[in-house]
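Under full-length UniProt numbering, the sequence shown has 316 at position 316, and the numbering climbs by one with no breaks.
Worth flagging that the hints you see were computed from the coordinates, not collected in a lab. You can take every hint at face value.
Here are the in silico distance ranges between beta carbons for each label pair: (1) His223 - Ser321: 27 to 37 Å; (2) Gln351 - Gln222: 28 to 38 Å; (3) Gln351 - Pro268: 34 to 44 Å; (4) Thr75 - His274: 47 to 57 Å; (5) Leu248 - Gln364: 44 to 54 Å; (6) Gly167 - Thr75: 39 to 49 Å; (7) Asp272 - Gln357: 50 to 60 Å; (8) Leu52 - Gln164: 21 to 31 Å; (9) Ser110 - Leu52: 36 to 46 Å.
Below, a list of computed lysine-lysine pairs in the DSBU-like style, where the Cα atoms sit at most 35 Å apart: (10) Lys68 - Lys56; (11) Lys132 - Lys263; (12) Lys313 - Lys147; (13) Lys281 - Lys263; (14) Lys62 - Lys281; (15) Lys261 - Lys108; (16) Lys267 - Lys313; (17) Lys132 - Lys289; (18) Lys108 - Lys313; (19) Lys147 - Lys263; (20) Lys132 - Lys261; (21) Lys68 - Lys147; (22) Lys132 - Lys147; (23) Lys108 - Lys289; (24) Lys281 - Lys267; (25) Lys68 - Lys289; (26) Lys256 - Lys289; (27) Lys281 - Lys261; (28) Lys68 - Lys281; (29) Lys108 - Lys68; (30) Lys132 - Lys62; (31) Lys76 - Lys147.
A quick note: this is a predicted structure, and the numbers were derived from the prediction, not measured. C-beta: ideal position from N, C-alpha, C; glycine also.
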Amino acid sequence: MMGTREKMFEDLHFPYCDEVSKYEKLDKIGQGTFGHCPVQKTLLFQFPITALREIKILQQLKHDNVVKLNEICRTKPSAYNRWRSTFYLVFDFCEHDLAGLLSNYNVKFSLGEIKKVMQQLLEGLFYIHSSKVLHRDMKAANVLITKSGTLKLADFGLARAFSQRNGQPNRYTNRVVTLWYRPPELLLGERNYGPPIDLWGAGCIMAEMWTRTPIMQGSTEQHQLNLISQLCGSITPEVWPGVESLPLYATMELAKNHKRKVKERLKPYVRDPHACDLIDKMLTLDPSKRMDADSSLNHDFFWMDPLPCDLGKMLSHHTHSMFEFLAPPRRGKQQQQQQQQQQQQQQQQQQQQQQQQQQQQQQQQQQQPPPPPPPPQAGHSSQQPTASQSSGQSQQGGSRRIG
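Kindly produce the complete structure, drawing on both the sequences and the hints.
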């Protein structure tokens, strides 16, 4: 017999949602970074507000360098899925993501091809920012590339519209952007932010085109700020007016003696001076001075030989898809060495602790008085057995245990 809940779902109709069964599931190529939406942020029938926001934004955006939402499909509610439909967003298939390509050292980008990647990425950012949308999760894994070489910004799960409300400051969440690509203003608690947060991620991605691995791999927010300071210089009011007013400026430990070394650190990898200069300008600490997408597209980097060239020819030599989800972790040699050193230090500490415990046990045993000799028994001599006698008794006992 059908209950009230089942009857309620049976009466629902979704005329614009086909059933997902018309698609064939081949393989899993990725998953979300930030997990599921909190339960309280849901609408009728537990539909996440963030999903509605993503759908609305994707329906609004129409650009060659932004992933296209084709349709929304659903599963039919039944007892098998507890009478809950699951909704699926259906996009055009892209054969690769940028993180997967960079993790494969057989994929080699020429300078002209790198320019094409960054040109398309910035074109996509310029479009969404002009449409008053922030991506808020810029990273190499969210940059898709088709086999013909067309780049598409993807994963708008954290995206949101932005505006200036009569001059009033916005109060957006700062718990966005994957840690390694998170700009310093978010790490310091800023909630009134805009397009510069996406340009910081674009700068990290551009540097990654040469290093092949994320350039700042922090393990905590404090560690990430330390890495940013070591690369981009100390975060002070002199280089970033007003930073002292950010919520976490007083609580975070910020070094005061680091000099800016972006170009110096990139030189071993990035030989093109125009590329170094553009990365340097996108990784500006002060978001108000950070280069925007429009200015970046007009930078000399894109207008000097070699000019941006088509990616299709290079990608045609790689017939299998490459995604970060299917590739080994992309950690740099420096981070691997640090992990090994930490493991060695932990092992040494454990060994030292074990040695200290053994020494303490030995000292305790030495401090204990020897047990008193047993009283003499009737009919037996109180004389202690000789060494030869003790040895013989022990050997006899041992023979009996073996036998």
